[in-house]
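In terms of my numbering, the sequence shown opens at residue 44 and continues consecutively.
Keep in mind the hints are simulated off the structure, nothing from the lab.
From the three backbone atoms N, C-alpha and C, an ideal C-beta is built for every residue, glycine too.
Mixed in with the good hints, there may be bad ones.
Derived DEER-like restraints, expressed as beta-carbon distance ranges [to be verified]:
| id | residue 1 | residue 2 | range |
| --- | --- | --- | --- |
| 1 | GLY604 | HIS568 | 17 to 27 Å |
| 2 | ASP327 | PHE213 | 50 to 60 Å |
| 3 | ASN401 | VAL433 | 12 to 22 Å |
| 4 | PRO460 | PRO622 | 27 to 37 Å |
| 5 | LYS345 | VAL290 | 14 to 24 Å |
| 6 | HIS568 | ALA597 | 19 to 29 Å |
| 7 | PRO473 | THR306 | 39 to 49 Å |
| 8 | ALA84 | GLY147 | 33 to 43 Å |
| 9 | HIS568 | PRO473 | 42 to 52 Å |
| 10 | VAL180 | THR306 | 28 to 38 Å |
Heads up, simulated BS3-like pairs for lysine-lysine below, C-alpha to C-alpha not over 30 Å straight-line [as the list claims (entries may be wrong)]:
| id | residue 1 | residue 2 |
| --- | --- | --- |
| 11 | LYS407 | LYS383 |
| 12 | LYS334 | LYS315 |
| 13 | LYS305 | LYS208 |
| 14 | LYS255 | LYS165 |
| 15 | LYS480 | LYS522 |
| 16 | LYS383 | LYS356 |
| 17 | LYS165 | LYS202 |
| 18 | LYS356 | LYS428 |
| 19 | LYS303 | LYS315 |
| 20 | LYS486 | LYS459 |
| 21 | LYS318 | LYS428 |
| 22 | LYS149 | LYS122 |
| 23 | LYS266 | LYS334 |
| 24 | LYS110 | LYS122 |
| 25 | LYS182 | LYS202 |
| 26 | LYS584 | LYS574 |
| 27 | LYS182 | LYS208 |
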Amino acid sequence: MYLALLVIFLQCSELYAQGRVFTFNTVEIKVQPSVKVKNGAPMSIVCRADISKSTDFQLKHNFTIFKDGKLVFMTVSDKEDAQYEISVARSSDTGDYECTVEAGGKTKSSNSVHVWVTGMTKPILTAEKKEVLEGEVVKLRCEMPEEVPPLHFFFRKIKMNSTPKQKHVFEPHRNSSVVEFSVEEGDNILQFDCFGKRNVKFEFESSEPSNKTLVTVREPFIKPTLNAKPSSNVTEGDRIQFECSTVVARMRDIEIILQKNKTILKSVRDEKLLKYSAVATLADSGEYLCKVEQGRASKTTKMNVVVSELFPKPILAASMSNLDENKELILNCSINGFRKANFSILRKNSNGVILLKNSRNFTKRVNVNDTGSYICTAEVKGIVKESKPVRINVYAPVSKPTLSVVSGLPEVVLGKPLWLICRSVMGTPPITFTFYKGNEVKKIVINDTYAMFLDENVRQNDKRGYKCDARNNHSSGMKASNILNITVIVPIKNASLGSVPYGEVEDGSETAFLCSVKEGSWPIHFRIFRKTDREVLLFEKSENANKVLWRKEAMNRQDTGTYYCMASNRANVDVKSHPITISVVLAAWQKGVIATFVLIPIAGAVTLASWCFLCKKKKAKGPSMEMSGSALPTNLTSEKLTRQHNDGDYYSGSGYIEDSENHMKSTDESKGPDLESAEVEYTEVEVSTLDPHRAPVQKGTETVYSEIRKANNDSVENRHSRIQGHPDAT
Numbered sequence: 044m045y046l047a048l049l050v051i052f053l054q055c056s057e058l059y060a061q062g063r064v065f066t067f068n069t070v071e072i073k074v075q076p077s078v079k080v081k082n083g084a085p086m087s088i089v090c091r092a093d094i095s096k097s098t099d100f101q102l103k104h105n106f107t108i109f110k111d112g113k114l115v116f117m118t119v120s121d122k123e124d125a126q127y128e129i130s131v132a133r134s135s136d137t138g139d140y141e142c143t144v145e146a147g148g149k150t151k152s153s154n155s156v157h158v159w160v161t162g163m164t165k166p167i168l169t170a171e172k173k174e175v176l177e178g179e180v181v182k183l184r185c186e187m188p189e190e191v192p193p194l195h196f197f198f199r200k201i202k203m204n205s206t207p208k209q210k211h212v213f214e215p216h217r218n219s220s221v222v223e224f225s226v227e228e229g230d231n232i233l234q235f236d237c238f239g240k241r242n243v244k245f246e247f248e249s250s251e252p253s254n255k256t257l258v259t260v261r262e263p264f265i266k267p268t269l270n271a272k273p274s275s276n277v278t279e280g281d282r283i284q285f286e287c288s289t290v291v292a293r294m295r296d297i298e299i300i301l302q303k304n305k306t307i308l309k310s311v312r313d314e315k316l317l318k319y320s321a322v323a324t325l326a327d328s329g330e331y332l333c334k335v336e337q338g339r340a341s342k343t344t345k346m347n348v349v350v351s352e353l354f355p356k357p358i359l360a361a362s363m364s365n366l367d368e369n370k371e372l373i374l375n376c377s378i379n380g381f382r383k384a385n386f387s388i389l390r391k392n393s394n395g396v397i398l399l400k401n402s403r404n405f406t407k408r409v410n411v412n413d414t415g416s417y418i419c420t421a422e423v424k425g426i427v428k429e430s431k432p433v434r435i436n437v438y439a440p441v442s443k444p445t446l447s448v449v450s451g452l453p454e455v456v457l458g459k460p461l462w463l464i465c466r467s468v469m470g471t472p473p474i475t476f477t478f479y480k481g482n483e484v485k486k487i488v489i490n491d492t493y494a495m496f497l498d499e500n501v502r503q504n505d506k507r508g509y510k511c512d513a514r515n516n517h518s519s520g521m522k523a524s525n526i527l528n529i530t531v532i533v534p535i536k537n538a539s540l541g542s543v544p545y546g547e548v549e550d551g552s553e554t555a556f557l558c559s560v561k562e563g564s565w566p567i568h569f570r571i572f573r574k575t576d577r578e579v580l581l582f583e584k585s586e587n588a589n590k591v592l593w594r595k596e597a598m599n600r601q602d603t604g605t606y607y608c609m610a611s612n613r614a615n616v617d618v619k620s621h622p623i624t625i626s627v628v629l630a631a632w633q634k635g636v637i638a639t640f641v642l643i644p645i646a647g648a649v650t651l652a653s654w655c656f657l658c659k660k661k662k663a664k665g666p667s668m669e670m671s672g673s674a675l676p677t678n679l680t681s682e683k684l685t686r687q688h689n690d691g692d693y694y695s696g697s698g699y700i701e702d703s704e705n706h707m708k709s710t711d712e713s714k715g716p717d718l719e720s721a722e723v724e725y726t727e728v729e730v731s732t733l734d735p736h737r738a739p740v741q742k743g744t745e746t747v748y749s750e751i752r753k754a755n756n757d758s759v760e761n762r763h764s765r766i767q768g769h770p771d772a773t
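With the sequences and hints as input, model every part of the structure.
Written as structure tokens, this is what we have:
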């Protein structure tokens, strides 16, 4: 039975739950009467929920309204709507509103709506004092108690028949602000008010002006009076007196100032009257101002004074403004239509003014030191006036100019620029210098004492001379320099070095070296060097020629090495030749000695050993071997004689010991062109060597070559006149 009851209960619960199903369709928020409400008017925020239900049953609705994300209203109701009432709308109620409804565990929110409460409450303005003195300040306070910051406050000072002065203050955290206004001269009864502004959606909204506050201003002193005696219209030389006065309520800290064109003429303190007098001049014409100050208060009075001219400025006349030295200068000072005056003639310089004469006329024979500016002055009734300055130029004649090369010497390296200077020691500047190349004018320069000229087109064979002339404003005219001829230095080109003999030189023999250049101005400085592990200067000489010859009398083995020469002239450029190599070898007689004392004993010993060996072989083998052994020396002897008869003449220059004929030929070819015309004879010495291990005999050959120069009458001349390997050799 209990089981049946449980089943019935569960089925009933399920049916009950199925009968309470609901869903939110929408949640809406509305503003009545509209989203734009006037300040002070009532308004309502209505939140409504649209719900669909399966059956008719009651739901509890939790309504929540937010402004700018902050909770402003909350209620629980059986109804599907709720209303938030604002009886008096203020600008602080402006914002974005949104509502949320919660029922039966479900929640839904509305869209946001922006409410704008237009207008602002009227500000309240109060003044710290109702009565102030000129120069003091008025402190004002403006507040808007019903508005929410940030706020902008604007204060206005209103004066009759003038534009109001306004001050602006931004208050980010307060709904009130305080400012100060200074009370100026002429302020009497002042009115002040204020108004506020706030920013809504990037637009400014303004309040109506506050109440007007009246402030009364009292004068600490009256406006000063300014008088000129005898009057404000005077003539030069008359004495004029100024008086400035005021009436003061309190004498402490009062000051009176008299000024003209921002220049203070006189001032007094703690006095009611100021006096100032002076002799009137034309410069005294203008506006004068009397100013009274006490604290921040100040008052001014202005007056215009006109001073009439007593006499015009004097005029200085000169007989000549440009004249030669030792000429007579006459200066005259005068005033148009006025003769009764005290005249003075003066000269101006860097140290001031020098009095020349207290007279209207001045005469002097001048020199160059009298060049300068001159003036004259005229005095009437204590009034002194100065004329316009007159410039006097006194000229000394130019001296004969000198033309020279800036570097010093009258020469130039070909291809380099030539700088010339023309100088005139005497003469009053400015001086006009003219440069000539030949008869052609190249340049005109105006300078003080010298001028420069650049010639970048100097040619090797240019025969035109240079000259210059100088002239100034002196009547003597132009002076010309002497003609300057320039030496054009041609730089060295293509140095070369040759020698006789060339390549190989016999020990103890003489060798001639010739260093020459293709082009270059004389004198030329020649230097010959030998380079082995270091450079050694062997010879140097300066020649007025394109070549130089140097003889080395006795060469030795230490003279083997690389030789080169260097040439230079006044162009200061060293030109180096290509190197040549010299090898010092044994002389012919040295080779003969070696052949005599070394090779012949060796050959004899070898021959003797061979003969002994053949004798032993002959005894051992019988008569047949004797025939073979006796035939060998005969063949060798005949071969030797045949070869000696066919060889050429001897060259006596050197001797060599060689292992083969081919090696000798290569050595002869390396001796250079000096040996091409020489006839050489070869002497061959054959030595037969016996092989102890083979029969019958192995023939070996050692050859001694002796080079003997052909003896003829011109052998010595040929030795010294031919220079092999030298491009200038003849």
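Results for each hint:
no. : hint                         : verdict
1   : GLY604 to HIS568: 17 to 27 Å : 23 Å, holds
2   : ASP327 to PHE213: 50 to 60 Å : 52 Å, holds
3   : ASN401 to VAL433: 12 to 22 Å : 18 Å, holds
4   : PRO460 to PRO622: 27 to 37 Å : 35 Å, holds
5   : LYS345 to VAL290: 14 to 24 Å : 19 Å, holds
6   : HIS568 to ALA597: 19 to 29 Å : 26 Å, holds
7   : PRO473 to THR306: 39 to 49 Å : 42 Å, holds
8   : ALA84 to GLY147: 33 to 43 Å  : 37 Å, holds
9   : HIS568 to PRO473: 42 to 52 Å : 46 Å, holds
10  : VAL180 to THR306: 28 to 38 Å : 31 Å, holds
11  : LYS407 to LYS383             : 25 Å, holds
12  : LYS334 to LYS315             : 12 Å, holds
13  : LYS305 to LYS208             : 27 Å, holds
14  : LYS255 to LYS165             : 12 Å, holds
15  : LYS480 to LYS522             : 17 Å, holds
16  : LYS383 to LYS356             : 13 Å, holds
17  : LYS165 to LYS202             : 22 Å, holds
18  : LYS356 to LYS428             : 6 Å, holds
19  : LYS303 to LYS315             : 20 Å, holds
20  : LYS486 to LYS459             : 19 Å, holds
21  : LYS318 to LYS428             : 27 Å, holds
22  : LYS149 to LYS122             : 16 Å, holds
23  : LYS266 to LYS334             : 9 Å, holds
24  : LYS110 to LYS122             : 23 Å, holds
25  : LYS182 to LYS202             : 16 Å, holds
26  : LYS584 to LYS574             : 19 Å, holds
27  : LYS182 to LYS208             : 15 Å, holds
The structure is consistent with each of the numbered hints, conforming to all of them.
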